[in-house]
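**Student:** Spelled out from the first residue to the last, the chains are:
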Amino acid sequence: MEFTAQQIAGLVNGKIEGDGNVKVSKLAKIEEATAGSLTFLSHPKYVPYFKTSGASIIIITDGITDEKSAATLIKVKDSREAFTILMEAYHKQQFAKTGIEEFANISPKAKVAKDVYIGSFTYIGENTLISDGTRIYPNVYIGENCQIGKNCMIFPGVKIYRDSVIGDNCTLHSGVVVGSDGFGFVPNDENNYRKMPQVGNVIIEKNVEIGSNTTIDRATMGSTVIHKGVKLDNLIQIGHNVEIGENTVIAAQSGVAGSTKIGSDCMIGGQVGIIGHINIGNRVKIAAQSGIGSDVADDSIVQGSPALDHFDYKKAYVIFRRLPELNKKIKELEAKIESLTISK
Amino acid sequence: MEFTAQQIAGLVNGKIEGDGNVKVSKLAKIEEATAGSLTFLSHPKYVPYFKTSGASIIIITDGITDEKSAATLIKVKDSREAFTILMEAYHKQQFAKTGIEEFANISPKAKVAKDVYIGSFTYIGENTLISDGTRIYPNVYIGENCQIGKNCMIFPGVKIYRDSVIGDNCTLHSGVVVGSDGFGFVPNDENNYRKMPQVGNVIIEKNVEIGSNTTIDRATMGSTVIHKGVKLDNLIQIGHNVEIGENTVIAAQSGVAGSTKIGSDCMIGGQVGIIGHINIGNRVKIAAQSGIGSDVADDSIVQGSPALDHFDYKKAYVIFRRLPELNKKIKELEAKIESLTISK
Amino acid sequence: MEFTAQQIAGLVNGKIEGDGNVKVSKLAKIEEATAGSLTFLSHPKYVPYFKTSGASIIIITDGITDEKSAATLIKVKDSREAFTILMEAYHKQQFAKTGIEEFANISPKAKVAKDVYIGSFTYIGENTLISDGTRIYPNVYIGENCQIGKNCMIFPGVKIYRDSVIGDNCTLHSGVVVGSDGFGFVPNDENNYRKMPQVGNVIIEKNVEIGSNTTIDRATMGSTVIHKGVKLDNLIQIGHNVEIGENTVIAAQSGVAGSTKIGSDCMIGGQVGIIGHINIGNRVKIAAQSGIGSDVADDSIVQGSPALDHFDYKKAYVIFRRLPELNKKIKELEAKIESLTISK
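Residue numbers (our numbering), protein chains in the order written: chain A, 1 to 344; chain B, 1 to 344; chain C, 1 to 344.
Keep in mind that a hint or two might mislead.
Copies of the same chain are indistinguishable here, so a pair counts whether it falls within one copy or spans any two.
When the alpha-carbon atoms are kept at most 20 Å apart in a straight line, the in silico SDA-like pairs for lysine to any residue are as follows [to be verified]:
| hint | residue 1 | residue 2 |
| --- | --- | --- |
| 1 | 261 | 184 |
| 2 | 114 | 125 |
| 3 | 114 | 190 |
| 4 | 97 | 324 |
| 5 | 150 | 285 |
| 6 | 77 | 135 |
| 7 | 15 | 112 |
| 8 | 206 | 188 |
| 9 | 109 | 340 |
| 10 | 29 | 225 |
| 11 | 26 | 116 |
| 12 | 195 | 246 |
| 13 | 92 | 125 |
| 14 | 150 | 203 |
| 15 | 75 | 153 |
| 16 | 331 | 185 |
In short, the hints are calculated from the structure, not lab data.
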């Protein structure tokens with residue numbers, strides 16, 4: 001897809017300086033842009049790249065520089081905002097498919113609303129609802145009795161087990177599994193394990209994004225709940241009956257064990273492990289690779305495995321590095337005291 | 001699906017108190033149950049919920065309370081056991097499909113036994129055997145020369161590479177990969193890596209359950225072996241030529257590197273890393289996020305990275321938190337000794 | 001497939017001792033080999049297995065032993081090398097399919113070169129190029145505008161998002177996701193997050209191998225780049241705009257956050273976490289489970305979370321184990337000094 005400077009200026013309500021007929025077909029950073037690229041300049045520290053950039057069109061915040069450029073300029077009030085609007089438009093048109101492709105298996109008892117895309121090799125089970133404007137890519141499995149909201153993006157290879165509920169505007173990336181069995185086994189008399197049937201479900205509220213190959217287990221009974229606005233990165237594990245509060249963000253490869261409740265607006269780093277059956281408050285921050293073994297109060301910032309207050313952890317770790325030195329010092333003190341005692 | 005109190009009483013051999021025609025269609029915890037739900041009361045601490053529960057039917061352990069309830073009661077000897085039996089029955093009927101759906105590609109040289117379900121977009125390779133009663137969901141790939149036992153559940157999107165052997169009553173959740181290549185590369189003369197072909201296979205014995213997106217690599221030569229009764233949670237990595245003993249349980253996101261042997265009846269926490277080419281004994285317990293770098297004896301309980309005896313780790317970690325305080329104390333001791341030495 | 005000793009001797013340029021018509025159909029280690037197996041003897045420590053091995057054919061390094069064996073021997077200059085060549089040949093013939101299977105959906109605007117295999121339920125998007133000799137297994141998704149090089153192996157269930165570029169001789173194992181959105185969200189005025197559209201792509205150069213269920217995010221703008229010869233194990237997370245240098249090897253379950261640059265010839269252990277926006281030099285070694293929070297210089301060897309020089313970490317950890325003992329010693333010193341002060 002190609003756009004002219006004039007078309008872009010119209011979209012972002014900007015003022016053209018230079019040739020309005022110049023065309024671009026890709027987006028780039030100002031320091032990497034080549035001919036045919038659109039870029040932007042919003043921060044003074046990037047002004048040095050402005051004159052040398054190979055971009056064909058640069059959206060600039062009006063007044064940021066008086067330098068001249070070979071590129072066509074589009075002057076706006078906030079060039080970063082304008083550029084983001086263009087990225088969103090560009091992104092949206094890349095995923096605007098509708099219709100049902102060949103080799104899909106949609107149950108006659110499923111209900112598919114309007115403006116929906118369903119790709120090849122996708123399976124939609126009985127009594128499942130796909131709402132308006134949702135795009136389901138190829139090789140997706142959605143089991144029985146599911147509800148998928150409006151304007152969702154379900155990328156290739158997502159698997160959604162029966163009874164799952166997904167709100168509006170959710171994005172599930174490739175390989176995500178929603179609703180697989182929780183890890184529930186009880187030792188029995190024959191010295192092995194009996195599986196506790198997992199008969200609950202998963203509820204994902206609106207505006208949730210879930211990264212590739214992340215897994216969310218169904219509840220044993222009741223529901224595993226991901227509240228609205230939550231963002232989960234790739235390869236995360238969410239156990240059965242977990243509840244994650246609104247707008248909490250979790251980075252890649254973290255895991256939350258069964259029945260733990262996490263509050264809203266938390267920021268959880270990568271490779272964090274959270275034990276089962278505990279409560280994490282609201283606005284909690286957890287450093288990457290931490291291990292959380294007990295309740296965490298609202299507004300805490302924690303680090304370590306097991307996790308401490310992050311300042312305490314950092315202070316302790318500074319001394320940890322110096323342990324060999326401390327050990328030597330203690331030995332010296334022992335020797336001195338010994339000599340003092342003897343000399344007395 | 002709806003059941004009456006009378007039907008349920010018949011299944012669990014219970015005695016009805018109240019309206020035997022009341023119907024339920026879902027299972028719930030006593031504190032969350034609403035009209036139309038079946039629940040149970042087995043522990044005295046839940047008696048307070050008994051009177052206020054919205055459940056339509058409550059299975060109770062005979063003699064646990066004399067309180068009255070608006071719900072229909074079904075009295076049994078052990079209400080938890082009775083409820084588990086019902087959950088199992090409920091779970092089983094949800095997954096009782098048989099037959100072969102459209103758009104499956106089953107090799108004419110594969111052998112499919114009776115009472116089998118094979119979903120759409122599932123591929124079964126040459127010389128592969130699917131045994132009686134096994135259910136294979138849509139979008140599954142099973143390569144050449146595999147043997148899949150009886151009454152297995154293979155959920156959507158599982159990938160099983162050629163030559164794999166899977167025993168009876170196994171459950172593989174969505175996204176599981178069995179038999180991908182082990183990570184075997186040797187440096188060569190051109191300063192890069194030559195791949196060692198991985199020509200062994202994976203053997204999974206009976207009654208094994210494997211969680212979503214877990215990966216199990218094939219052996220370089222010989223077999224990677226998961227013995228009977230093993231339970232693996234989600235997102236676990238099992239390297240080539242690993243052997244895991246009977247009834248060992250591993251929590252989510254743990255990894256076992258190549259050629260390591262783990263004994264039977266072990267309990268391994270989440271996010272544990274185990275190095276290659278070592279032996280873990282029987283009945284070993286490993287705390288979450290531990291790192292195991294050398295052999296572990298039978299019946300050990302270990303923690304930390306690298307892992308220590310768990311008591312030693314806990315005791316050391318208690319002091320770790322106090323390191324800044326200890327450091328201060330050592331400085332004070334130095335000063336005191338200095339003054340003693342001078343004053344002498 | 002069966003081979004005679006004569007056929008094998010021909011392939012590896014060896015000299016037969018014994019029955020040249022003996023047949024083998026599998027490869028095995030010398031200590032595990034049974035009738036019908038081919039094995040090799042290259043290291044003196046395995047000579048004890050030589051006489052008792054059940055193998056039908058043994059490739060031996062000429063001169064390694066004078067013992068007799070019931071097996072047919074094939075004498076060569078370097079038996080390990082000869083055996084590796086046979087393993088490679090055996091491996092190759094197992095994956096030699098060509099042609100397009102039923103139920104594939106290949107866009108009429110895609111370009112598929114010669115000697116290609118495309119399995120059932122595989123989707124190839126518009127303007128995508130599949131080059132000569134590449135094998136794409138069932139249930140694979142390749143989006144629009146992708147370029148896949150020559151002689152690649154794309155195993156079942158791989159998902160490659162639009163605009164991805166993959167070089168020659170790459171192997172992608174089952175469940176790999178290439179090009180999913182980076183984790184880019186910025187807080188907005190309504191106290192939640194706005195998604196930054198991810199409009200860049202992923203470039204994977206030649207000779208790269210990627211393990212099962214590993215995920216590689218597309219760049220926000222520009223490219224996430226995996227340079228030639230890189231080997232990634234299973235369940236690894238590579239964030240947006242990351243760059244990994246030539247011949248770097250990363251073990252399972254490690255994660256690299258956005259915009260970090262890793263040099264060439266690095267060896268990174270399992271479950272390592274690397275923070276975003278940093279530089280890791282060339283030939284760096286990182287121990288398993290380490291956490292990297294800042295730049296690492298060329299040729300460093302680091303360990304710990306946060307990581308230190310690996311010798312420093314080991315020395316500190318030795319003292320960490322003894323912390324309770326040190327704590328006791330400090331208390332004793334305090335008491336002694338106290339008594340010295342009093343007695344003075």
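**Student:** It remains to establish, for every hint, whether it holds in the given structure.
**Tutor:** To see whether the hints hold, each was checked on the structure:
1. In the homo-oligomer, the alpha carbons of residue 261 and residue 184 lie at most 20 Å apart inside one protomer (18 Å), although the nearest pairing across protomers, at 25 Å, exceeds that limit.
2. Taking the shortest Cα distances, residue 114 and residue 125 sit within 20 Å of each other inside one copy (18 Å), while across copies they are farther apart (23 Å).
3. In this homomeric assembly, residue 114 and residue 190 never come within 20 Å of each other (Cα to Cα): the closest approach is 54 Å inside a single copy and 30 Å across copies.
4. With identical chains, the CA atoms of residue 97 and residue 324 are never at most 20 Å apart, being 63 Å at best within one copy and 60 Å at best between copies.
5. Taking the shortest Cα distances, residue 150 and residue 285 never come within 20 Å of each other, neither inside one copy (32 Å) nor across copies (46 Å).
6. Taking identical chains as interchangeable, the C-alpha atoms of residue 77 and residue 135 are never at most 20 Å apart, the minima being 34 Å within one chain and 51 Å between chains.
7. In this homomeric assembly, residue 15 and residue 112 never come within 20 Å of each other (Cα to Cα): the closest approach is 44 Å inside a single copy and 45 Å across copies.
8. Taking the closest pair of Cα atoms, residue 206 and residue 188 come within 20 Å of each other only across two copies (17 Å); inside a single copy the shortest separation is 41 Å, beyond that limit.
9. For the identical chains of this complex, residue 109 and residue 340 are neighbours neither inside a copy (91 Å) nor across copies (89 Å), given an alpha-carbon limit of 20 Å.
10. Within a single copy, residue 29 and residue 225 get their C-alpha atoms only as close as 38 Å, which misses the 20 Å cut-off; across copies the closest is 16 Å, which meets it.
11. Proximity of residue 26 to residue 116 under the C-alpha cut-off of 20 Å is found in neither arrangement, the shortest distances being 27 Å within a copy and 31 Å between copies.
12. When the C-alpha separation of residue 195 and residue 246 is checked against a cutoff of 20 Å, the pair qualifies only between copies, where the shortest distance is 16 Å, while the shortest distance within a copy is 32 Å.
13. Taking the closest pair of Cα atoms, residue 92 and residue 125 come within 20 Å of each other only across two copies (17 Å); inside a single copy the shortest separation is 28 Å, beyond that limit.
14. For the identical chains of this complex, residue 150 and residue 203 are intra-copy neighbours only, at 15 Å inside a copy versus 33 Å across copies, given an alpha-carbon limit of 20 Å.
15. For the identical chains of this complex, residue 75 and residue 153 are neighbours neither inside a copy (34 Å) nor across copies (48 Å), given an alpha-carbon limit of 20 Å.
16. In this homomeric assembly, residue 331 and residue 185 never come within 20 Å of each other (Cα to Cα): the closest approach is 51 Å inside a single copy and 47 Å across copies.
In this structure, the earlier hints numbered 3, 4, 5, 6, 7, 9, 11, 15, 16 are contradicted, and the remaining ones agree with it.
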